[in-house]
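Per the numbering used here, the very first residue in the sequence shown carries number 1; after that it's consecutive.
Treat the hints with caution; some may be incorrect.
[Unchecked claim] List of simulated lysine to any residue pairs, SDA-like, C-alpha gap at most 25 Å: (1) K147 to G70; (2) K107 to K147; (3) K120 to F135; (4) K155 to S73; (5) K131 to I163; (6) K95 to I33; (7) K74 to I100; (8) K95 to E61; (9) K95 to N119; (10) K155 to V109; (11) K122 to E61; (12) K131 to R186; (13) K155 to K131; (14) K74 to V136; (15) K122 to R186; (16) K74 to I163; (17) K147 to P97; (18) K120 to F159; (19) K120 to D108; (20) K58 to G177; (21) K120 to K107; (22) K95 to E66; (23) K95 to G177; (24) K107 to I57; (25) K74 to T180; (26) K74 to P97; (27) K74 to F135.
These are calculated hints, taken from the structure and not from any lab test.
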Amino acid sequence: MKFIIVASEGLVRGALMVPKVLYNKCFIAAFCILAVASFILIGSVHDYERELERSSIKIQEINSDEALYGLMSKIGAGPTLLVLYTSWCSNCVEKMPEVIGIIGAYKDVEPMVISLDTNKEKLAGFLLSQKQINFVPYNVSPAYHSKLAYALAGKGVYFDGRIPYISVLGGGSAPSGNITSSRALRAVMDSITSGKTQGE
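Full structure from sequences and hints, please.
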């Protein structure tokens with residue numbers, strides 16, 4: 001049996017045909033630009049992690065029962081400002097400078113600022129973007145989100161999943177519930193510290 005190969009317009013019939021678009025100069029240039037941009041983006045993500053490691057900011061990961069127990073033992077032991085947030089929540093991003101200012105003004109209140117992020121790189125970038133971090137940043141892994149909510153309920157804090165969730169508790173007072181306004185937050189902070197604040 002003879003196998004005959006017939007050539008037609010520079011292509012061998014039966015061979016793999018390459019789409020003409022791959023020979024287009026504009027397509028090749030666009031592909032190269034996208035590839036370079038992707039490498040730059042990947043590099044910047046890893047730079048966030050490395051920069052965070054070099055900084056004084058150390059994220060405390062809550063990814064075990066022991067770590068969760070340790071975290072809960074600090075909440076409400078004394079006057080406590082509890083903040084639950086994520087780096088991708090626009091309201092959380094807007095509120096964080098205010099939270100940082102409150103923490104600086106009320107030094108007798110223990111800040112417990114807890115991230116529910118699933119993307120550690122985004123969280124690292126968010127923390128680095130703040131002018132200052134005057135709290136220990138905690139991050140609860142997704143596997144422990146429901147356990148966190150259950151443990152908080154045991155302290156009278158009923159987190160319904162809406163973020164940011166800001167509450168003040170401890171010091172012999174019942175948990176405030178979710179505080180949404182700046183004026184209300186300062187009023188509760190004044191109340192729990194008997195009106196004593198330290199310089200802004």
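task: Taking the numbered hints from earlier one at a time, note which ones the structure violates and give those numbers from smallest to largest.
output: 2, 6, 13, 15, 17, 19, 20, 21 and 22
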